[in-house]
Amino acid sequence: MNFICNFPFFSILLSLFSGTICSVLPAKAAKVVNRAVIIVIGLLSAILLLYLLSVGEPFVYWMGHFPAPWGNEIRAGVLEAGMAMFFCIIMYLSMAGGAHKLYDEVDESKHNLYYILVNLLLSSLLALVYTNDMFTAYVFVEINTISACGLIMIRQVGRTIEAAVRYMIMSLLGSGLLLFGLCIMYDLTGHLLMSNIKASVGPLVANVEYQIPLIVSIALMCVGLCIKSALFPFHAWLPDAYGYSTVSSAAILSSLVSKGYIFLLIKIIYRVIGFDIFNSTRIIDVLFVFGLMGMIFGSISAIRENDIRRMIAFSSVAQIGYIYMGFGMGTQTGMVASVYHILSHAATKSLLFIAAIGLTEVSGGSRKFVDLTGAGYRNKWAGVAFTVGSLSMVGVPLFSGFISKLLFAQAAVQVEGKMLASLIVLGISTVLNAIYFMKTVIRIYTSVKDSPYESITFGKMKIHAITLMFFILLNVILGVSSQPIVDLIVQGLAMFS
Amino acid sequence: MSKKKSSAAYQKTFAYRFFRWLRGEKDPYLGELEMKPQEEYHVSEDAILRREKEHDSILDKVYDSQHNKWLRLFHSLYEITSVLFCLFLIALLLVTVSYLPAVGTVTRPVNNEVAERYIENGLEETGAINIVAGMILDYRAFDTLGESHVLFVATITVLILLRLNKGQEDTNDRIFEPKNDAILQLVATFLVPIIIIFGIYIILNGHLGPGGGFSGGAVIGAGLVLYLNAFGFAKTERFFTEKTYKWVCFFSLSFYCLAKSYSFYTGANQLHSVIPKGTPGAILSSGLILPLNIAVGLVVACTIYAFYAMFRKGGF
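Chains as they are written, first to last, in this note's numbering: chain A, 1 to 497; chain B, 1 to 316.
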């Protein structure tokens, strides 16, 4: 076996271990360890991706001395390695962009706790991406949930505590449903390993055995992960959790945590249940309808919002709706569009959160639109970055959002029966997106005479501005060189089955 | 060609006035209209107080479920819906269970190969008489590694929530602790050593019989909590402070991580592992299971004690 095949295992263990190390380090050293670990894991994933592209087929890796189905196993393909690399990039940029805010909002003595949580969160995301075992996935879902709660409430004001409690209740309900589904699946098949479950589910479906438990199990797993990734009717926890937590947490939660669960759902669809069996159930129609509703109601809530952070948070509901609409189409192209949208939304949403904090900072810390008037002139970098993010969200060519909308539209055209609904809702949602994002952009570029707030120079927020530049670059790369990325996704999804 | 006007006549035309206005030389309203600068808006303290009072009274009225019919309706609807939802979920799961294969049938589950190998080859392959210990700490050690980090991250989150920030020390209520109870102290002197020794036995016996790190650690943690209740923080702080917790957790988890990393690495790369299996049944046997049980036990015991100490007084 090639030495590079060890890299997924190294990444997971390194981030777990660095969490333990950070607990005995002072805050500054913990910060260095945290950043270094993210960079190292990003590099390892990049090398792994190149290796997998040259080899052309995925590999499984025993976690222990026993082969599957007796021992644990992880598995790496192109999509997994690419996703891990992408998660590391977004996580590094989010941490760097929100670092100065962390000093303002979090007590100094709790900084190293924050880095522990981020390291453990990264390890759980990597485990969700690489795992080939349903129970391992569940264990790391637990770590993910608890550390996400910690990330929300580390800024201790009333709203974040309330948001964390809400998040915890909803998220635990989701974990519970996932566990129920898992138990039923284990009872039917006798396996926890993804590929073995798939091998036993196939005959069960073919012989029409245990239909009802099978459907219930699939439905419970889907609903559980939908709650955790804030699909429309289950999004009540989202606005406060994203809107009031410290900005790094908000960026990480919106662009990574919910995406980790969605990626797990994709793995379940492809590697546990089987794409065709999943599409033959009625569950995809439910996902489709909820996705469409989310696209519209999320945007309407965002339009009514008077607080920039909460507005961006509500926009997430709409974007998660897009992803589930892609699942609901039940075709390969719809799935590719959804995976691309995971990348696009992760890059754009964290950019918007980090840029919004730059704007609120030059408006006396207020997030109300009245105070934000002219903020784009006072902090030029944040203004430009916010505009880029908004344009990308609305779907202007050159940025990543355009490509994902194009892919969704292309996928919709090929689906019989769901074409009209998806195209119309896609159109309405784009218009609604434009309303609230352009409203904000116009607002921050409306000049006001003798504003009470001072403008900020490049030197004062150097790291913040550089981070924003990298975010813009990432967005443009995703938007301009979309074809190779889409090819990668197609190749990765082909490796899944 | 029209005749050129004299300048006096030109000044009376509309064009002259229009262009003059356009050049900004004269404001047609200036001096013609009565203008007053707006008074600056001053808010008096009374007005603020009045507004706050009004705001509060409106809130009171809105959230007064005695008189707000809609709120009452909403609450009752909310309760009914949640009860219906729970009943639906219960019914759904019961119906599902009734369709599952019956207990004891050959095809329950469809495949038995996993459980079969655990039972038949577990002793030989892991060296542990307790199959469960062999399963969680050898076959599926990666899951258990994750599980011990769940405990770790839970303590970190409780630390974030409950540890007092700097400058909040005066809210610490340990000074109000009741005087120690003589009966409790006497009972604790007898019980605590027994409880802790029993916990150690459960941990060390984890690979030989029922027990293991999680259960033994919980017993030791309970013993520590009893000791704390009987003798107060002044006594426990002689041997258990936040620093102790930090380092014990650090060393146990690091040992777990490193030891298991070695085992995963050798396993996956098909290398020979130097860890001996030992004779099944001996106390020093079954490879890594005993040290891992000790590490897990330490983490669990510290976690339980730490939870209690933080809930009691926001620190150790």
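It should be emphasised that the hints constitute simulated quantities derived from the structure, not laboratory data.
Built from N, CA and C at the ideal position, the CB exists for glycine as well.
Heads up, some of the hints might be wrong.
Said to hold, decoys possible - Sample of chain A residues with no beta-carbon within 10 Å of chain B, all distances over it, derived:
(1) Met63
(2) Ile161
(3) Lys439
(4) Ile456
(5) Gln491
To be verified - To spell it out: a stretch of chain A is covered by chain B in this simulated footprint if at least three of its residues, at any positions, have a beta carbon under 8 Å from a beta carbon of chain B; those stretches are:
(6) 6–18
(7) 133–147
(8) 264–278
(9) 318–331
_chain B versus Ile456/A - minimum CB to CB distance exceeding 10 Å, so not interface_ = holds, 28 Å
*Outcome, coverage hint (the region 6–18 of chain A, chain B; C-beta under 8 Å; three residues)*: Per the Cβ count (5), the hint holds.
_Quick check for students: does the CB of Lys439/A sit more than 10 Å from each CB in chain B?_
Correct as stated: the minimum Cβ-Cβ distance to chain B is 27 Å, above 10 Å.
*Was Gln491/A rightly flagged as not at the interface, with every chain B Cβ beyond 10 Å?*
holds, 25 Å
*Distance rule for Ile161/A, whose beta carbon must clear each one in chain B by more than 10 Å*: violated, 8 Å
*With a Cβ-Cβ cutoff of 8 Å, does the region 318–331 of chain A contain at least three residues near chain B?*
violated (count 0)
*Check, residue by residue, whether the region 264–278 of chain A contains three or more positions whose beta-carbon lies closer than 8 Å to a beta-carbon of chain B, and give the verdict.*
violated (count 0)
*Least C-beta distance between Met63/A and chain B, which was stated to exceed 10 Å*: violated, 4 Å
_8 Å C-beta criterion, at least three residues: is the region 133–147 of chain A covered by chain B_ = Answer holds; 9 residues pass the 8 Å Cβ test.
Hint violations for this structure: numbers 1, 2, 8 and 9, all remaining hints satisfied.
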